[in-house]
Amino acid sequence: MVEEIGKTAEGDLIINVGPQHPATHGVLHLVITLNGETIKKVEPHLGYIHRSIEKMCESLTYRQFIYSTSRMDYLSAHINNHACALTVEKGLGIEIPARAQVIRVLMDELTRIASHELWWGAMAMDLGAFTPFFHAFRERESINDIMEETCGARLTMNYMVPGGVMMDLHPNFQNRVKTFLKLYKLKIHEYDELVTGNIIFQNRMKGVGYLSKEAAISYGVTGPAARGSGVSCDVRKLYPYEIYHQLQFDEILETEGDSFARYMVRLREMNESIKIIEQLIDNIPDGDFQAKTKAVLKLPKGEFYQLVETARGELGVYIVSEGGTTPYRIKFRSPGFSNLSCLDHITRGGKIGDLIASMGTLDLVIPDIDR
Amino acid sequence: MFIVDYLKDVYGAMKSLLIGMNRTGYYFTHHKEIITEQYPDNRDTLVMADRFRGEVVMAHDENNEHACTGCSACELACPNGTIKIINKFDISPEGKKKKAIDTFVYHLELCTMCGLCVEACPTAAINMANTFEHSVFNRGLLTKRLNKPDSKLKAGVE
Ligand code: SF4
Ligand code: SF4
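Protein chains in written order, with my numbering: chain L, 1 to 371; chain P, 1001 to 1158.
Everything labelled a hint here was simulated from the structure, so no lab data went into it. Certain hints may be false.
[What the hints assert, rightly or not] List time: in silico DSS-like cross-link candidates among lysine-lysine, alpha-carbon distance up to 25 Å: (1) L:LYS206 / P:LYS1008; (2) L:LYS206 / P:LYS1015; (3) L:LYS275 / L:LYS185; (4) P:LYS1084 / L:LYS294; (5) L:LYS7 / L:LYS351; (6) L:LYS187 / P:LYS1032; (7) L:LYS275 / L:LYS237; (8) L:LYS178 / P:LYS1032; (9) P:LYS1098 / P:LYS1154; (10) L:LYS185 / P:LYS1015; (11) L:LYS275 / L:LYS182; (12) P:LYS1152 / P:LYS1099; (13) L:LYS206 / L:LYS41; (14) L:LYS90 / L:LYS298; (15) L:LYS182 / P:LYS1032; (16) L:LYS178 / L:LYS275; (17) L:LYS213 / L:LYS351; (18) P:LYS1152 / P:LYS1088; (19) P:LYS1148 / P:LYS1084; (20) P:LYS1015 / L:LYS187; (21) P:LYS1098 / P:LYS1152; (22) L:LYS185 / P:LYS1032; (23) L:LYS55 / L:LYS298; (24) P:LYS1096 / P:LYS1152; (25) P:LYS1154 / P:LYS1097.
[Said to hold, decoys possible] Residues from chain L that face chain P, not an exhaustive set, calculated with beta carbons under 10 Å: (26) LEU60; (27) ARG63; (28) GLN64; (29) SER70; (30) GLU148; (31) THR150; (32) CYS151; (33) ALA153; (34) ASN158; (35) TYR159; (36) MET167; (37) VAL195; (38) GLN202; (39) ASN203.
Ideal Cβ placement from N, Cα and C applies to all residues, glycine included.
Required output: the full structure, derived from the provided sequences and hints.
Next comes the structure, spelled out in structure tokens:
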């Protein structure tokens, strides 16, 4: 029973963070029960940016629905589109040309770097350091320029189509990417100098927001957040799609399970993505960038499911087809939703000041959670 | 030795802070490395990527001719109902009726710049322009007619 506004019956304080709060990176509403400075409960309230993308997709054709998934996890827009295109291709049973596969993987990895860069800047900003945000945006900007030149948009690319990619690579693409790789190698040490090695940052991250391996699995946490707890869950390694099985890269695992481990996983993952790009950039095969498909796509009756690894974790696309030109039902298994569910677990018993640090390392993108 | 560890910690902490300050100081004195673009001021020199999807336009040549046959493929491809094709029937010199485009209505306010209509067009009549400053004071101005008045179909385009 609530006796006083903002207090529970036991006299605990209830405060609201959000829906409009800079630290929630979007419209997330957290209701926090506090005993003094200690968190007793964190309750996320969702739905502020629900656009019913799943329902909308049911009235769009298999070519049209892909564009709307860029608006879920907008930082991994390419990878979302990729997942949808792969599911449709699975249903149609078509082969994708080798060139298209390489282009897709290159774009995915560029997106992953851009997403981690933005997360790194936002993470430091959550802890009160504003400058790293600009450093991160400098590198991210050059990736966005590459995207703009080849795909035609900076964030909502809609470049993946069933059968391949929409347009061929821009003639400048290879040079641009090589320039970016040089810039990245020149500047990446600044990340460690400014933030990783900083004593204040380390003290606020180490031992905070502990997520055990068992808890990560039982909450369904995936992606870098789970790999920071030692859960091996990289879809690119475990269920390889496209050409990932031919590439040399490591799955980054840290075992501490605290905020700092999750932070390190993402930083090291950027280097792995750089490795993948370096392997591919000089070996883009010639040929078609798109397989021949019919103008109107019809999936056979049945159910199709495809997993991919976005920058935030495991994204699943599940299509139920009745044999028509539009899906009967589409379900997205978004990584952000499951990652958010462990927020209460990792912050309970901690101090309110650590809440933002722990939440930042989960790398939540709210439109991905609400859809 | 407690006191030695303590001093080591203090030294390490100070060092980490100074390394960070050094980086900040570097950019404080190296203005050339700052890449900020002063957007509204650099309008004259701003170069947008040629593939940038800013709005749908229809190309017309010097004879005021375009390549749109009025087939409605773009209208069907658009996920947002942005395009409306209104057709008319031309009478050819031989007295036959022929379908032709009357008005290509384009609702810029509904467009998400996905590029699917350009993909779908069989005659490459429309393309994406890289203009992006679309703000106007009257919402009605955003509904555009893409085929110019008195324009007609290019000869040889079916
Ligand atoms: S623009 Fe192209 S697709 Fe649209 S009606 Fe004209 S010819 Fe058909
Ligand atoms: S760009 Fe996309 S939303 Fe805009 S008119 Fe073309 S198909 Fe429709």
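Each hint tested on the structure:
| no. | hint | result |
| --- | --- | --- |
| 1 | L:LYS206 / P:LYS1008 | holds (19 Å) |
| 2 | L:LYS206 / P:LYS1015 | holds (19 Å) |
| 3 | L:LYS275 / L:LYS185 | holds (11 Å) |
| 4 | P:LYS1084 / L:LYS294 | holds (24 Å) |
| 5 | L:LYS7 / L:LYS351 | holds (18 Å) |
| 6 | L:LYS187 / P:LYS1032 | holds (15 Å) |
| 7 | L:LYS275 / L:LYS237 | holds (15 Å) |
| 8 | L:LYS178 / P:LYS1032 | holds (22 Å) |
| 9 | P:LYS1098 / P:LYS1154 | holds (14 Å) |
| 10 | L:LYS185 / P:LYS1015 | holds (23 Å) |
| 11 | L:LYS275 / L:LYS182 | holds (13 Å) |
| 12 | P:LYS1152 / P:LYS1099 | holds (12 Å) |
| 13 | L:LYS206 / L:LYS41 | holds (22 Å) |
| 14 | L:LYS90 / L:LYS298 | holds (12 Å) |
| 15 | L:LYS182 / P:LYS1032 | holds (18 Å) |
| 16 | L:LYS178 / L:LYS275 | holds (12 Å) |
| 17 | L:LYS213 / L:LYS351 | holds (22 Å) |
| 18 | P:LYS1152 / P:LYS1088 | holds (12 Å) |
| 19 | P:LYS1148 / P:LYS1084 | holds (15 Å) |
| 20 | P:LYS1015 / L:LYS187 | holds (20 Å) |
| 21 | P:LYS1098 / P:LYS1152 | holds (13 Å) |
| 22 | L:LYS185 / P:LYS1032 | holds (19 Å) |
| 23 | L:LYS55 / L:LYS298 | holds (19 Å) |
| 24 | P:LYS1096 / P:LYS1152 | holds (17 Å) |
| 25 | P:LYS1154 / P:LYS1097 | holds (17 Å) |
| 26 | LEU60 | holds (5 Å) |
| 27 | ARG63 | holds (7 Å) |
| 28 | GLN64 | holds (4 Å) |
| 29 | SER70 | holds (9 Å) |
| 30 | GLU148 | holds (5 Å) |
| 31 | THR150 | holds (7 Å) |
| 32 | CYS151 | holds (7 Å) |
| 33 | ALA153 | holds (6 Å) |
| 34 | ASN158 | holds (5 Å) |
| 35 | TYR159 | holds (9 Å) |
| 36 | MET167 | holds (7 Å) |
| 37 | VAL195 | holds (8 Å) |
| 38 | GLN202 | holds (8 Å) |
| 39 | ASN203 | holds (9 Å) |
This entry satisfies every hint, going by the numbered hints stated previously.
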